[in-house]
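K.L.:
One letter stands for each residue in the lines below.
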Amino acid sequence: LAKTTQPISMDSYEGQEVNITCSHNNIATNDYITWYQQFPSQGPRFIIQGYKTKVTNEVASLFIPADRKSSTLSLPRFSLSDTAVYYCLVGERKREYGNKLVFGAGTILRVKS
Amino acid sequence: DTAVSQTPKYLVTQMGNDKSIKCEQNLGHDTMYWYKQDSKKFLKIMFSYNNKELIINETVPNRFSPKSPDKAHLNLHINSLELGDSAVYFCASSQEVRLAGSPDTQYFGPGTRLTVL
Chain A
1 LAKTTQPISM
11 DSYEGQEVNI
21 TCSHNNIATN
31 DYITWYQQFP
41 SQGPRFIIQG
51 YKTKVTNEVA
61 SLFIPADRKS
71 STLSLPRFSL
81 SDTAVYYCLV
91 GERKREYGNK
101 LVFGAGTILR
111 VKS
Chain B
1 DTAVSQTPKY
11 LVTQMGNDKS
21 IKCEQNLGHD
31 TMYWYKQDSK
41 KFLKIMFSYN
51 NKELIINETV
61 PNRFSPKSPD
71 KAHLNLHINS
81 LELGDSAVYF
91 CASSQEVRLA
101 GSPDTQYFGP
111 GTRLTVL
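Chains A and B are the protein sequences, given in the same order.
Mapping to this note's numbering: the first sequence position 73 is 73, numbers consecutive.
Mapping to this note's numbering: the second sequence position 113 is 113, numbers consecutive.
Since the hints were derived computationally from the structure, they do not count as laboratory data.
Hints may be right or wrong, so weigh each one.
Some chain B residues close to chain A (C-beta under 10 Å, calculated; not the full set) [as the list claims (entries may be wrong)]:
#1 GLN14
#2 GLY16
#3 ASN17
#4 ASP18
#5 THR31
#6 TYR33
#7 LEU43
#8 ILE45
#9 PRO103
#10 GLN106
#11 GLY111
Owing to the predicted nature of the structure, the values given are computational and were not obtained by experimental measurement.
Backbone N, C-alpha and C fix where the C-beta goes; we use that ideal spot for every residue, glycine too.
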């Protein structure tokens with residue numbers, strides 16, 4: 001399973017767009033990129049998933065360049081309620097083991113005072 | 001109407017004891033998981049069950065035994081608890097959309113914080 005690298009922490013002002021970049025240099029052809037969000041004292045929650053180019057939903061956008069060696073999660077307007085740990089995961093669903101999510105250390109996103 | 005629920009939320013026990021954590025999902029999913037999140041916040045998969053059949057067992061000590069009485073429940077029993085078992089344990093579920101391809105979205109429970117004294 002491809003390894004991912006993300007910043008340990010980021011601070012942002014409320015109202016600003018926040019971009020978290022994840023590196024996955026050894027991503028495989030069939031791998032997808034998935035982001036989860038974890039609030040304090042809660043379980044992770046799915047945010048967005050993509051394979052290439054750009055994906056947008058009501059919560060965030062995911063930008064994936066053509067070489068797919070990195071991806072950027074974009075939160076359009078950061079608010080205090082977005083304070084959480086954000087995990088970037090890379091992998092695919094396989095017949096022999098189904099889903100196997102491998103979580104890295106994640107990025108702690110905090111409000112800048 | 002909680003989608004994935006776990007009980008208890010907190011569990012404090014002595015070393016050497018045996019304890020169980022229960023998980024139930026009302027989403028109609030056919031796959032359930034157990035994850036362990038240690039003090040450094042690393043989240044690691046332990047087990048995965050699909051329709052009551054074990055499909056992932058990530059080199060977890062055999063003191064940990066998952067039990068799936070039906071596809072809506074996946075309980076975790078831990079024998080002879082050790083200090084290193086202290087962590088937050090998360091249950092999750094997903095619906096198998098296809099056999100291969102994009103990972104299915106997993107829905108996590110609120111977690112059970114286990115403290116072994």
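K.L.:
Hey, does the THR31 (chain B) contact hint survive, CB to chain A under 10 Å?
P.N.:
6 Å, holds
K.L.:
Could you check if ASP18 (chain B) really has its C-beta closer than 10 Å to a C-beta on chain A?
P.N.:
Given a least distance of 25 Å, the restraint on ASP18 (chain B) is violated.
K.L.:
So, GLN14 (chain B) near chain A? Judge it on the closest CB pair being under 10 Å.
P.N.:
24 Å, violated
K.L.:
Report holds or violated for the interface hint on ASN17 (chain B), using the least CB-CB distance to chain A and a cut-off of 10 Å.
P.N.:
24 Å, violated
K.L.:
For the hint on GLY16 (chain B), does the least C-beta distance to chain A fall short of 10 Å?
P.N.:
Interface hint status for GLY16 (chain B): violated (28 Å vs cutoff 10 Å).
K.L.:
Are GLN106 (chain B) and chain A close enough, Cβ to Cβ, to be under 10 Å, as the hint says?
P.N.:
Cβ of GLN106 (chain B) sits 6 Å from chain A, so the hint holds.
K.L.:
Hint GLY111 (chain B) vs chain A: min CB-CB distance below 10 Å?
P.N.:
Nearest chain A Cβ about 6 Å off; hint holds.
K.L.:
Against chain A, is LEU43 (chain B) within 10 Å by beta-carbon distance?
P.N.:
Nearest chain A Cβ about 4 Å off; hint holds.
K.L.:
Against chain A, run the beta carbon of ILE45 (chain B) and see if the smallest gap drops under 10 Å.
P.N.:
6 Å, holds
K.L.:
Can TYR33 (chain B) be said to touch chain A, with a Cβ gap under 10 Å?
P.N.:
8 Å, holds
K.L.:
Against chain A, run the beta carbon of PRO103 (chain B) and see if the smallest gap drops under 10 Å.
P.N.:
5 Å, holds
Violated hints, listed in ascending order, are 1, 2, 3 and 4; each of the other numbered hints is respected by the structure.
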